[in-house]
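Visitor: So the chains spell out like this:
There are 2 protein chains.
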Amino acid sequence: MSKIKRVVIVGGTHGNELTGIYLVKKFERSPHLIQRSSFESLTLIANPRAYAIGKRYVDTDLNRCFLRQDLENPNLSNYETQQAKIIYQTFGAQGSQQADFVIDLHTSTANMGLSIILGNENLLNIQLAAYLTSINPKVKVLYSTNKNQHRPHLDSICEFGCTLEVGAVAQNILNAALFQETEEIVHAILDYLEAYNQGNTPAVKDTLNVYHSIQTIDYPRNELGEIQAMIHPQLQFRDYQPLHPGEPIFLTFEGKEILYKGDSTVYPVFINEAAYYEKGIAMCITQLTHKNIT
Amino acid sequence: MSKIKRVVIVGGTHGNELTGIYLVKKFERSPHLIQRSSFESLTLIANPRAYAIGKRYVDTDLNRCFLRQDLENPNLSNYETQQAKIIYQTFGAQGSQQADFVIDLHTSTANMGLSIILGNENLLNIQLAAYLTSINPKVKVLYSTNKNQHRPHLDSICEFGCTLEVGAVAQNILNAALFQETEEIVHAILDYLEAYNQGNTPAVKDTLNVYHSIQTIDYPRNELGEIQAMIHPQLQFRDYQPLHPGEPIFLTFEGKEILYKGDSTVYPVFINEAAYYEKGIAMCITQLTHKNIT
Chain H
0 MSKIKRVVIV GGTHGNELTG IYLVKKFERS PHLIQRSSFE SLTLIANPRA YAIGKRYVDT
60 DLNRCFLRQD LENPNLSNYE TQQAKIIYQT FGAQGSQQAD FVIDLHTSTA NMGLSIILGN
120 ENLLNIQLAA YLTSINPKVK VLYSTNKNQH RPHLDSICEF GCTLEVGAVA QNILNAALFQ
180 ETEEIVHAIL DYLEAYNQGN TPAVKDTLNV YHSIQTIDYP RNELGEIQAM IHPQLQFRDY
240 QPLHPGEPIF LTFEGKEILY KGDSTVYPVF INEAAYYEKG IAMCITQLTH KNIT
Chain R
0 MSKIKRVVIV GGTHGNELTG IYLVKKFERS PHLIQRSSFE SLTLIANPRA YAIGKRYVDT
60 DLNRCFLRQD LENPNLSNYE TQQAKIIYQT FGAQGSQQAD FVIDLHTSTA NMGLSIILGN
120 ENLLNIQLAA YLTSINPKVK VLYSTNKNQH RPHLDSICEF GCTLEVGAVA QNILNAALFQ
180 ETEEIVHAIL DYLEAYNQGN TPAVKDTLNV YHSIQTIDYP RNELGEIQAM IHPQLQFRDY
240 QPLHPGEPIF LTFEGKEILY KGDSTVYPVF INEAAYYEKG IAMCITQLTH KNIT
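Quick mapping for you: the protein sequence lines, in order, are chains H and R.
Residues in the first sequence are numbered consecutively from 0, following numbering that gives the first Met the number 0.
Residues in the second sequence are numbered consecutively from 0, following numbering that gives the first Met the number 0.
One or more hints might be untrue.
In this list, chains with the same sequence are indistinguishable; a pair is considered to hold if it fits within one copy or across any two.
To be verified - Listed below are the simulated SDA-like cross-link pairs for lysine to any residue, each with C-alpha atoms no more than 25 Å apart in a straight line:
(1) Lys54 / Gly279
(2) Lys54 / Asp217
(3) Lys54 / Glu277
(4) Lys260 / Asp60
(5) Lys54 / Thr80
(6) Lys25 / Ile257
(7) Lys25 / Pro219
(8) Lys24 / Thr200
(9) Lys2 / Asn221
(10) Lys260 / Ser40
(11) Lys25 / Asn291
Worth flagging that the hints you see were computed from the coordinates, not collected in a lab.
Being a predicted model, the structure only gives us computed values, none of them experimental.
Using the sequences plus the hints, can you model the full thing?
Guide: Structural data, given as structure tokens:
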């Protein structure tokens, strides 16, 4: 594999996820923090207008705007679709400042801990994720790959990179402990890429626990689309914990339990993410796999 | 004191605090739940447009629109100021459905537990608050009274009533456990008012712990108004816990601690409330007092 020449650290892809925004601002005040000898590090606040109004987005979710056909579609002209084109034309393939590696910083109201979300199975990405799990047991690795479809996420502008999803934290607030943990992960990634460029990556174990996203579950809704139940208290904040068939996942407003009807143990994530109510997602269901790294 | 004839239960004064909204919707589906023999119970979603867009408010914070001079000011005509006038003309003094008691349901990203916020020291309010603390140790009583000023809050439309502030919960999500605890408090209030009307209120202890709001503390900010520090990890989620002079309250993005400079032990609340960043409030400082009830 060729060396990494340019890294872009992105905050504020969602305007109400403050951790990435304030971390990028910090790096812009103190650029030496993200400098390494073998590559250039750039920063980006991806959705400044959404940040200005304290919302996830202005017109549409920026982190669903990066499908290649959408980036090439001149009829898509709202704020976020235009913003996505500018970002791709800057940092994407053949961009004016083409990046080799992207770190996209997010937070969640779900208890995602320190999640490394990978959009592809490139060896560098996987080995980096394995390294991060080895230095911090709170790190979990989540695959959002889909063999039959391209992904519309910002991190797809580069072959290498990841989305960092940190939580639980409410929208529009900063949690100092999670801010510091996020910053430590960014530094660990940059240090790893420096070692990679120098042919000196640290050894990691042969296998990696990977949570592979296989489906989503929506809230029970009535004919008007209104939700009729909440995440069950026994499931709340239990992201990445095993969920067995027959265990409760929802509680209706009238107090009736709704049980998980799957036929095997799964590992829900993004449980009760605020931004996913409108997307029809109460949780994402993952399977735990043990990936051979080499 | 005269009997309570009409109670209004309000949700959605802030459009992104879902617990009250979904609880009011439940009561509207099943009105028998809030019926009692000696008074009428009504419900209100106070800010439906803010709820529709998933925000605290459309134009301005509805829960700061109830000063009498503002309600009588014909020049105030944005959505929330108009909505406040309609609510006051309906449920306020001389209103078409004048209420004697208001329960305004809120949530907070701060760890407010089950807070009963009182805007005045009427004996019924205080005795009710004492009763609620006696049946649930999670209940805290917070005074937001101010002897020199009227209050702009919705609950000021009635002489009797309270604001219920529940947390920690992120904006735009439901937490099932807190939903159920909120509902239990509402039922306890209605049952207490029924007993009050029947001259049969339960006995409570002679003194009540009351947290009295005395000042607010803003985040450290630069000349542009941008915050320069976060709530210190040791203070996060420690609402109602004692804060001693010299203990850390903020942590700058560069990792420097900022200490509390007061000269006595206080009890911060609304620590890291998302909606208060724009109000210049990082926390509200309270003093703990022991109020004689009789």
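Visitor: Please go over all the hints and tell whether each is borne out by the structure.
Guide: Hint by hint, here is what the structure shows:
Proximity of Lys54 to Gly279 under the C-alpha cut-off of 25 Å is found in both arrangements, the shortest distances being 19 Å within a copy and 19 Å between copies. In the homo-oligomer, the alpha carbons of Lys54 and Asp217 lie at most 25 Å apart both inside one protomer (22 Å) and across protomers (22 Å), since each shortest distance falls under that limit. Both within a single protomer and between protomers do Lys54 and Glu277 lie at most 25 Å apart by alpha-carbon distance, with minima of 14 Å and 14 Å respectively. Taking CA atoms no more than 25 Å apart as the test, Lys260 paired with Asp60 passes in neither setting, with 31 Å inside one copy and 43 Å between copies.
In this homomeric assembly, Lys54 and Thr80 come within 25 Å of each other (Cα to Cα) both inside a single copy, at 16 Å, and across copies, at 23 Å. Taking identical chains as interchangeable, the C-alpha atoms of Lys25 and Ile257 lie at most 25 Å apart only when they sit on different chains, with a minimum of 18 Å there against 45 Å within one chain. For a Cα distance limit of 25 Å, the shortest separation of Lys25 from Pro219 across copies, 15 Å, qualifies, whereas the shortest one inside one copy, 42 Å, does not. When the C-alpha separation of Lys24 and Thr200 is checked against a cutoff of 25 Å, the pair qualifies neither within a copy, at 29 Å, nor between copies, at 57 Å.
Within a single copy, Lys2 and Asn221 get their C-alpha atoms no closer than 53 Å, and across copies no closer than 40 Å, so neither meets the 25 Å cut-off. In this homomeric assembly, Lys260 and Ser40 never come within 25 Å of each other (Cα to Cα): the closest approach is 47 Å inside a single copy and 39 Å across copies. Neither within a single protomer nor between protomers do Lys25 and Asn291 lie at most 25 Å apart by alpha-carbon distance, with minima of 37 Å and 50 Å respectively.
The structure fails hints 4, 8, 9, 10 and 11 (numbered hints given earlier, in ascending order).
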